[in-house]
Each structure stands twice: as C-alpha cells, then as structure tokens.
Amino acid sequence: NAGVTQTPKFQVLKTGQSMTLQCAQDMNHEYMSWYRQDPGMGLRLIHYSVGAGITDQGEVPNGYNVSRSTTEDFPLRLLSAAPSQTSVYFCASSYSAGHFNSPLHFGNGTRLTVT
Amino acid sequence: KQEVTQIPAALSVPEGENLVLNCSFTDSAIYNLQWFRQDPGKGLTSLLLIQSSQREQTSGRLNASLDKSSGRSTLYIAASQPGDSATYLCAVKGSSGSARQLTFGSGTQLTVLP
Chain A
1 NAGVTQTPKF QVLKTGQSMT LQCAQDMNHE YMSWYRQDPG MGLRLIHYSV
51 GAGITDQGEV PNGYNVSRST TEDFPLRLLS AAPSQTSVYF CASSYSAGHF
101 NSPLHFGNGT RLTVT
Chain B
1001 KQEVTQIPAA LSVPEGENLV LNCSFTDSAI YNLQWFRQDP GKGLTSLLLI
1051 QSSQREQTSG RLNASLDKSS GRSTLYIAAS QPGDSATYLC AVKGSSGSAR
1101 QLTFGSGTQL TVLP
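Sequences listed follow chains A and B, in order.
Here the first sequence is numbered in our numbering, starting from 1 and rising by one per residue.
Here the second sequence is numbered in our numbering, starting from 1001 and rising by one per residue.
Hints listed in this document are in silico derivations from the structure and should not be mistaken for laboratory results.
By construction, the Cβ of each residue, glycine as well, lies at the ideal position given by its N, Cα and C atoms.
Among the clues, some could well be false.
Claimed, not checked - Calculated pairs, EDC-like style, for lysine to aspartate or glutamate (alpha carbon to alpha carbon, straight line, at most 20 Å):
{"#": "1", "chain 1": "A", "residue 1": "Lys9", "chain 2": "A", "residue 2": "Asp26"}
{"#": "2", "chain 1": "A", "residue 1": "Lys9", "chain 2": "B", "residue 2": "Glu1017"}
{"#": "3", "chain 1": "B", "residue 1": "Lys1068", "chain 2": "A", "residue 2": "Asp26"}
{"#": "4", "chain 1": "B", "residue 1": "Lys1001", "chain 2": "A", "residue 2": "Asp56"}
{"#": "5", "chain 1": "B", "residue 1": "Lys1042", "chain 2": "A", "residue 2": "Asp56"}
Unchecked claim - Beyond 10 Å from chain B on every Cβ pair, some chain A residues (computed):
{"#": "6", "residue": "Gln22"}
{"#": "7", "residue": "Ser33"}
{"#": "8", "residue": "Arg44"}
{"#": "9", "residue": "Ile54"}
{"#": "10", "residue": "Asp73"}
{"#": "11", "residue": "Pro75"}
{"#": "12", "residue": "Ser80"}
{"#": "13", "residue": "Pro83"}
{"#": "14", "residue": "Leu104"}
{"#": "15", "residue": "His105"}
{"#": "16", "residue": "Asn108"}
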C-alpha cells in the first residue's frame, strides 16, 4: 500500500532557483493539500484541492503554485526559492472534501533547504 | 481565527505510566478534532478522529475525549511503552468557509523512558 508518496525526500536549492515537489496518492482521494512544518509554528496550509481541476489558497500561499490535472497528482511549485522557504513540506490527502469527518493521510515529507 | 494550543511542549515519563496530553482550541465551531502521531523524519499518522457530536473515541491503549463547549481535548495513553515516544499533534477542522481546513497545534514531544 503506497498511500501518499512524496519526492524528493531531500533537496537543496540556491536562492532564485525553481523546483517542483511531487505528490501522488493511490487511494482515489478527492482532497489533497500541501503543508509546511517549521519549528515552533506547527503545520501551516499552503494550498489545497477538492478535486481535479480545482485548487485554492491556504494560510501561506505566497511563492508557491499548484495544479491538479489528475485525481492522483498534486505537485507544488516553488517559483523563485527564498531562504524563508526552508522547511519540511508535507502532502496530505483525504477521501472527500464533502466528507468532513474523513481522516487525513500524510506523506513522509520533503526536507528543503534554500541557501 | 482558530488557534490550537498544546501544553506541555515536551513530556518525559517512565515506562508503564498512564499519561494525558492536552489540546485546547479557541473556536468551538468545529466539525472534528484529530490526534496525530509524528515520528522523527516521518509524516503524520492519524490516531483518532472525534466528530463534533461525539465525546470520546478509543483505539487500543489510546482514548481521546472532546469537550467542545470548553474548547478542550485530551489524549489518554494507558500503560505507556518506549515505542510510544513520538510527537503528538492535535488538529481541528472548522465548520465554515476557509476554517474547514485543519488547524494544527505545535505538538507535545513525548519520551517514554525504559
């Protein structure tokens, strides 16, 4: 059971570089989301999607883009990396946005360092 | 804006002890509250989900309670084991608009000493 798969696990970027963090789930989940986790600040929502073709901003969307062309994939793009984007990024999914009581499933994270 | 607080930030107990982790939230208009476990370098694993209409949920040695009116939840771990060592996070899902997204606490780092 693969669940939620994130790649890469680690990444080092220089300021100004761009990259895409990949996220795929094989559970046919409608809802997918991206969080960043920083010490002392908990997890903060970056972007989320309630289905293919639909995305919306979370709490901290600036500097990030997302798209949802298929149910399975939800990539996160950093347009021009900044040191403030150094963080651990988690992708998470759940069965349905309309099923408000479905639990959230997390990937193992991508640890990003921007120098 | 919903705020979720977990106190203490860290807790160390001897093996076999029963313990309680606390979670408080400021807005009682929630759909559910979830407790997660996070091991070092790993993602979060959902432990228990309590719907707003429920008072508690149990899974094995874990029992989570919810008091919406006071904005509090507790996670009770019975007969703790070294394998329970991890960071425990709670998260609430609001009942309207953008608040339907999860708001997380910063977690309690639990160490169970053998």
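Now the hints, each set against the structure:
Between the alpha carbons of Lys9/A and Asp26/A the distance comes to roughly 19 Å, so the proposed pair stays at or under 20 Å and holds. For the given pair, Lys9/A sits about 36 Å from Glu1017/B by alpha-carbon distance, which is inconsistent with the 20 Å threshold. Only pairs whose Cα atoms come within 20 Å are accepted, and Lys1068/B paired with Asp26/A is rejected, the gap being roughly 34 Å. Of the pairs offered as hints, the one joining Lys1001/B and Asp56/A holds, with about 18 Å between alpha carbons and a cut-off of 20 Å not exceeded.
Distance check on the hinted pair: Lys1042/B and Asp56/A sit about 26 Å apart at the alpha-carbon level, beyond 20 Å; violated. With a minimum CB-CB distance of about 15 Å to chain B, Gln22/A clears the 10 Å threshold, and the non-interface call stands. At roughly 7 Å, the least C-beta separation between Ser33/A and chain B is not larger than 10 Å, which violates its mark as non-interface. Not every Cβ of chain B is farther than 10 Å from the Cβ of Arg44/A; the closest lies at roughly 8 Å, contradicting the non-interface assignment.
The claim that Ile54/A lies off the interface holds: its Cβ sits roughly 14 Å from the closest Cβ of chain B, which is beyond the 10 Å cut-off. In this structure Asp73/A is separated from chain B by more than 10 Å, as the shortest Cβ-Cβ distance comes to about 17 Å. The claim that Pro75/A is not at the interface with chain B holds, since no C-beta of that chain comes within 10 Å of its own (minimum 17 Å). No beta-carbon of chain B is positioned within 10 Å of the beta-carbon of Ser80/A; the least distance is around 26 Å.
Every CB of chain B lies more than 10 Å from the CB of Pro83/A, the least distance being 22 Å, so the non-interface label holds. With 10 Å as the threshold on Cβ separation, the claim that Leu104/A sits away from chain B is violated: the shortest Cβ distance comes to roughly 6 Å. The beta carbon of His105/A sits about 7 Å from the closest Cβ of chain B, which is not more than 10 Å, so the claim that it is off the interface is violated. For Asn108/A, the condition that its CB be more than 10 Å from all CB atoms of chain B is violated, with the nearest at approximately 5 Å.
Checked against the numbered hints above, the structure breaks hints 2, 3, 5, 7, 8, 14, 15 and 16 and satisfies the rest.
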